[in-house]
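Q: Working from the sequences, and respecting the hints, build out all of it.
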Amino acid sequence: MKPSEIKKLIIGSTDGETDTGSIASILEGEGVSFDFKNGFTEKVTDRIFAGTLSLKREVDFTRSLSFVFYRIAITGIAAIVILMISIFVMQDSFSFNSFLGLGDGYAESIVYLITGN
Amino acid sequence: MKESYRLAGDEELVKASIDGDKLAFGEIVNRYRRMVARTVKGMLGDSVYSEDIGQEVFINLYNSLSSFRGEAKLSTYIQRIAVNLTLNEIKRRKRFFSMFSHKENDEMMEYEIADPENEEKWEAREIVNKALMSLDPRFRIIVAMRLLQGYSTKETAEILDLPLGTVLSRLSRAQEQLKEKLKKL
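Protein chains in written order, with the numbering used here: chain L, 1 to 117; chain E, 1001 to 1185.
Please keep in mind that the hints were generated in silico from the structure rather than gathered at the bench. Errors might be hidden in some of the hints.
[What the hints assert, rightly or not] Label pairs and their computed distance ranges (CB to CB):
1) L:Gly21 / E:Leu1087: 19 to 29 Å
2) L:Lys37 / E:Ser1064: 22 to 32 Å
3) L:Ile77 / E:Leu1162: 42 to 52 Å
4) E:Lys1094 / L:Ser93: 43 to 53 Å
[Said to hold, decoys possible] The following residues of chain L were derived to be distant from chain E, with all beta-carbon distances above 12 Å:
5) Leu83
6) Met84
7) Ser95
8) Val111
Where is the CB? At the ideal position from N, CA and C, for every residue including glycine.
A: Right, dumping it as C-alpha cells:
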C-alpha cells in the first residue's frame, strides 16, 4: 500500500461516520500491528505470583533517583567550585577555618564574646 | 486447577484468577495483551517504557479483579485501565522533562529497527506512528482507539468516559491537525 493510501486511512479514521473496524484490519494487514515482546505474559504472571512487585518498584525508584542525581550533581559541583574560589579570594587560604568562615584569632574572639573581656 | 483455559469464558477466567490460578490469569493476559499494546504503544510509541506500562496494566487489573462486577465487558475494563495508566505516564513524562529538559529525551524513544525485507510494511507503521505522535494526547487517544482498535465513536466515548459530543469535536480537531502534519510526512 502506498504512503498516500495509508495517510487517507488515517484521515478517514477521524471521520465520526466511518466504520473504523475495517481500517484497523487493513492496517494490521499492512504490518501496523502492535504487541509486547516475547515472554510478556510470563513476566506479568511472575511479577504477580512470585511476589517481585516491590522489588521492581524499588528498581524504578533507583533509576529515577540516579537520573535526577546526575542532573543535580553537575550543578552541585559547579557551585562547590565557585564557593572554593570565593573562599580563596576572600581568605587567601584553603584552611579549615576559612571553610568555616572563621578568621585568625578564633579562640580570643570566642572568649571575648563569652566573657566580654 | 485446569491445564488450559483457552476455551474458557472471561467470567470463568476472572473467577479462577481471583482464586489465585496463575494459568487462568495468564490466559487473560494472552487474550488481551495485543489490545493493550495497541493502546499503550499507539499512545507512547515503541518506547522502552511501553512494556513496563503494559505490565502495570495487567498488575492493576489483577489487583482490582475482586472489585470487577462484570457490569462492563472485561475488555472495556482492561482498556480503561490501559488508557488511564498511559495518560498518567504522559503527564508524568511531561512534568519530569519540563523540570530537567526542554525536549523529550530521545534516549527514551526506542523504535524498532526497520526490516529491510519488508520496507513497505515498515513505512506504513512509521507513518501511523508519526501521525499519532504528532497529535496532542487528548486527540491522540481518540484517534488511536478508532484507528488501531477499530472502535466506534460511541464505544470510544464509553471507554474514555467522555460525552459523545466531546469525542466527535476532538476527532474533528484531530482531523485538522493530521491533515496539516501528514502533508509534511
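Q: Each hint needs a verdict: does it hold in this structure or not?
A: Hints, one by one, checked against the model:
Between L:Gly21 and E:Leu1087 the CB atoms are about 24 Å apart, so this pair conforms to the stated range of 19 to 29 Å. Against the hinted window of 22 to 32 Å, the Cβ-Cβ separation of L:Lys37 and E:Ser1064 comes to about 25 Å, which satisfies the hint. Evaluation of the 42 to 52 Å hint for L:Ile77 and E:Leu1162 yields a pass: the beta carbon distance comes to about 48 Å. The supplied range of 43 to 53 Å is met by E:Lys1094 and L:Ser93, whose beta-carbon atoms lie about 48 Å from each other.
At roughly 23 Å from the closest C-beta of chain E, the C-beta of L:Leu83 stays outside 12 Å, upholding its exclusion from the interface. Every CB of chain E lies more than 12 Å from the CB of L:Met84, the least distance being 26 Å, so the non-interface label holds. No beta-carbon of chain E comes within 12 Å of the beta-carbon of L:Ser95; the shortest separation is about 37 Å. The claim that L:Val111 is not at the interface with chain E holds, since no C-beta of that chain comes within 12 Å of its own (minimum 50 Å).
Every hint from the earlier list agrees with this structure, and none is contradicted.
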